[in-house]
Each structure stands twice: as structure tokens, then as C-alpha cells.
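Chemist: Here's the letter readout for the chains.
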Amino acid sequence: MQWRRLKDAFATNSFRIILSLTNSIIFIIAIGLFIKGKPILFQKSISELLVSSIWQPLKGHFGFLPFIIGTIAVTAFAMTLAVPICLLSAIYLAEYAPRRLRELLRPVIDVLAGIPSVIYGLWGVIVIVPLVRWLGQVTGHITSGYNLLSGAIVLAIMVFPFIISVATEVFLTVPIEAHEASLSLGATRWETVKHVVLKAARRGVMAAIVLGFARAIGETMAVLMVVGNVAKVPKSLFDPAYPLPALIANNYGEMMSIPLYDAALMLAALILLVIVTIFNLGAHFTLLRMERKSQ
Amino acid sequence: MRHLKSFIPIFVYLLFFLSIFISFSSCTKKVEQQSSEFGFSGTIKVSGAWALYPMMVKWGEEFQKIHPNVRVDISAGGAGKGVSDALAGLVDLGMVSREIKQEEIDRGGCFVPVVKDAVFPVINAANPALSYGLAQKGMTRQQFIDLWITGKTLSWGEIVGTELPEKVAVYTRSDACGAAETWAKYLGKMQENLQGIGVYGDPGLAEAVKQDKLGIGFNNLNYAYDMKTGLPVAGLQVISIDVNENGVIDPEEDLSTKSKAIEAIMTGHYPSPPARDLYLLTKNSFQGLTRSFILWILSEGQNFVEEVGYIKLAPTQIERAMQELQ
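So the sequence lines, in the order shown, correspond to chains B and H.
In this note's numbering, each residue's number is its place in the first sequence (first place is 1) plus 14.
In this note's numbering, each residue's number is its place in the second sequence (first place is 1) plus 46.
Hints may contain errors.
Using 27 Å as the maximum straight-line C-alpha spacing, the simulated DSS-like pairs for lysine-lysine come out as follows [as the list claims (entries may be wrong)]:
no., chain 1, residue 1, chain 2, residue 2
1, H, K198, B, K249
2, H, K306, B, K246
3, B, K246, H, K231
4, B, K73, H, K198
5, B, K249, H, K213
6, B, K58, H, K147
7, H, K306, H, K104
8, B, K73, H, K147
9, B, K50, H, K329
10, H, K198, H, K235
11, B, K50, H, K147
12, H, K235, B, K73
13, H, K198, B, K246
14, B, K246, H, K213
Simulated from the structure, these hints should not be mistaken for lab results.
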């Protein structure tokens, strides 16, 4: 009898410790980055670092603006490309596709999620970059093909499987009775999807988009291989961009002899972490509000 | 007893982790170096520049053939990593593909050149200006400066002196690297001053120029020339530098094949930089096994240099390096 209780207490406490450990990792990372990035924060004002767009480490100019804008622009454009395509695919898979086709396609989409990002990057260099260069020629922009648009296209393709599989899963949980009720009132299939399924599933859809976004914003290798990596604020889709993860990956370990460079890269990582945290918290509270409204 | 049974998995886990721990700690134990009838024994740890990595692997293999009790551990990760690892005492030798900076010497960095390498400007083999005699005229340093540093967007027509309106697409490396640093130094600046689309890695840069008819970039020897044929990599053309600026590529300036390029570097007709020495760096001084290894690299080790695709040091350089080691 005693043993049973003891084991229960042991399980409760040890799981609690494990949970608190996993939750504290984010703070440990943030504190570590802050400590390593401190030297540059002491010498430059934070507003100068965030607003200046001059990146010349050897002359002591560390302006993060091109990188922050680059990160946000690539991610935002990738999401605007990916979300409609993914939702329409997911609706087709969940509502229209015959069952056998759905069962055939889902593992294929899961395989897409498992492809290493460097392969997407290589494929981007071989296929997307020449395509975008041709597109630029057609529309009258002189471009090498290594630009924001290429980065966004590659990134959009990389988040497809995440959004599609979660959204399909969510649509499938909408009860069959809801469909039946709507159809029995004389609604067409599309009207049912539009007014019943999408409404019932909107929280899950939001969660799928957040998951895709989280995947997109930190993606490094594939993007840096096609995005052009020029430290200037991009003015159009056909300009090269330089996202934060690419900056860190390109320079970490190489330029450590330059004073403050190390700290600047740590700060870049911290900025990225802050952007991701802000976005995720924002999405979380939006979800909460939606939940409260629906009650 | 029944209760004890449920703890057995925990014991198994504990044993598992303990064994991992033990096996790791035994790996890190450093074997002391000693001389015996089997030659040297011990471990030499190396890290650093990608540019020197294939060469170092070959040297490590050959050295281990002669001294079976020696282990050479090589990892790459960039010149900066090599320097910081060596100065922090994590490795015995750091591979460096750029000039050693004064701060690094001040911190106790001691280095010798071991082999030569060079960076070459490359263009697409289908470049339209080639039919207007670009290969015969070559390009001058000032034209490179206009492209990479001042960012004056030149057209290929301006470079060969015709009406061709197509603009030059300039490429550079996005990652911090010795090749870009060396190329920038040739143009009188630092890597961060190089304009152009940034592409990751040496192969990436070659690929970008291969795909862009109007592109120009720069590559290390082994990425500019095909190892087997000795000609520039298919789809690329190494553009000769008109060093004396007489408007013609003289025979000694010709870079059309790998052997001609190596000849130009050895005789000094190819400027340095972009020809460069690759270094091995250690903390304070070369001692013991590491010193023996370096001495071997500078003598017999030089025989493997051409096989792997690098350029031997000039005899005077070897002599000077040997003297410093004595």
C-alpha cells in the first residue's frame, strides 16, 4: 500500500521537475544570449542598433535594420503565398477528396516535411532562382534571381506540409452532424464548407498558420542559399534581402577577431528570439480571445 | 521483491548513462607523446579553414602511414574558428586561409605558411563579351574595383570597349571566408566592402556564375579549375588579369588552364593577393610532435601538394619557415 502512494508521489514530483526544466530552457537561452550580447549594448544605444541600416562591423557600425526588415519581409511574403494555397488544399483533402486519395496523399505531404532544408536550398538554387530571374526579365526588372521573391517561394514551399497536415486534421474533426444539418437545409457543399466547417475550425486553422509561421521565421539554410544576402533594406520583391538567421549562420565562428562582432551576432540571435516570442504570444492571446467570444 | 522489479529498468538506464559517461571520458584522455622504435605516438588535433581541409586530410593520412601510433584529428569550421581554437588551447594546430591579424599575434599566435592557393575571377563561359575578345584583353584591377567596390554598374560593353548594353551581374560570397577576404584585399578593401549578390560557399558561387550568362564571381583554385582536365570547370571561364595593363593578355598572364595558372603564380606573374599562403597556427611555439609534423609537411609533405590540387611553396619560403622552426 505504502509503495503505491510513494510511487505516485515520486511520479508527480519528478514530472513536475521535468516540466519546469523544459519550460525554463527558453529563459536560459535568452539569459545566455543577453550575457554574451551585453558588450555591444553597453557601447551602442539600442535604438541606434535597431534603426540604423549601416552594417560595417570593421568600422564599428552595427545596424540591424536591414536584417530585421529582411526577416519579416521574407517570412510575411512566404506566408501570404503559402496560407491560401495550403487552406484550399486542406479543404479539398478533408471535404472533397475521396477517402482513398486522402490516405494516399497524406504520407506524401509528411515526406515533404521531413526533407532536410539544405535540399530545399539546393533545389531553390537550381530551379527557383532561374525561374525568378526569367520572371524578372518578363516584368522588366533586372535581377540575378537571388532575391527576396526566391527566398519567399522556397520558404512557402517548406511550410506547405506543416500547414496542410494540421489544417486537414482540424477540418476532419468537424462533426459529421454539422455537415448533415447544413446540407439538409439545402446548402451546397461549398456553402457548407464556407459557413459551417471554416467557422467551426477557425481556431485550429489559426494554430496551423502559427505553426507554419514559427517554422518559417527561423529557417536558415534554404533561405540563405537563395536570398542574395546583401545588407540593404530591400525596396522591392526583386531586391536581395538578408534575414537574421542567415547573418548568424554566415558569420558565426569566422569573424571573432573583430571586437564586438561576437556580441553583435548574439544580439542578432536575441532579437530573433524576441520577434518569435512576441509573435507567438500575440497569436496565443488572439486564440484565447476567439475562444472566449465563442463561449 | 515484487516492488524491486519495477526498479530494474531504472538501474538499466543508470548503467547505460554511466557507460556512456565512462566511454566519453576515456576518449578525451590525451595520450602522451613519446618516441619509440615505431616512430612518434600521440594525437594531433587540427581545426580551421575549409580551404586547407582537403590538404590537411591527405597530410594526416600520409603522416599516419609513417607513424602508425600517431592520430591526426581534423575538423573544419572556418579560419576564425581555427585561430580561436588554437589560441584557446583546444587544438594543437589551427588552419588559416587569410592573413594573420596583429591581435592574434599579440595573443601568442605563432604560424608558418604550408602551402599556396589562389583566388581567380570567373565568368560564365557563354558570356557575350567573349566574342568581342574579352579572353584576349582580360580585365584590369581597376575594372574589378569598379565592379566590386565602388559598385559602378558597368556593362560588358564598357569592359571590352564595344556597344554591348548588358549589365554585369556581380556575385560575392555571403559567408565570412578567406577567399572573399583575399579578393577584397587585392582590391584594397575588406570583405564587408565587397558589393554584389552574396552566395553561400565556394561551390554555390561557381553555380551562380554558371547559371548567369552575365555573371562574374571569384573562386578558389580547386573550384575554378576541373581537377581531371586541368581546364576551367564546365560552364565557367577563368578571366585573365591584365597585370601590366597593356591591353593584351601576355603569355605569362594567361590563366586559361590550371597548369598555366600555377605557372603564373609560381613565377609571380599572378599578383599576390589574390594568390595567397595558407597557414598553420599554434599557441606560443611549435613543440614536440606538432613541430615534427610541421617539419614533415614542409619537407616530404610538399610532395602531395600538387596531387591534392594546391600549389607548392617557393623554396625560399620553405627555407625561411624551416629556419624559424629551428
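Chemist: All hints, please: hold or fail.
Modeler: Status of each hint after checking the structure:
no. : hint             : verdict
1   : H:K198 to B:K249 : holds (19 Å)
2   : H:K306 to B:K246 : violated (39 Å)
3   : B:K246 to H:K231 : holds (22 Å)
4   : B:K73 to H:K198  : holds (22 Å)
5   : B:K249 to H:K213 : holds (20 Å)
6   : B:K58 to H:K147  : holds (25 Å)
7   : H:K306 to H:K104 : holds (24 Å)
8   : B:K73 to H:K147  : holds (16 Å)
9   : B:K50 to H:K329  : holds (25 Å)
10  : H:K198 to H:K235 : holds (16 Å)
11  : B:K50 to H:K147  : holds (23 Å)
12  : H:K235 to B:K73  : holds (12 Å)
13  : H:K198 to B:K246 : holds (17 Å)
14  : B:K246 to H:K213 : holds (20 Å)
Figure legend: structure checked against the earlier numbered hints; the only hint not met is number 2.
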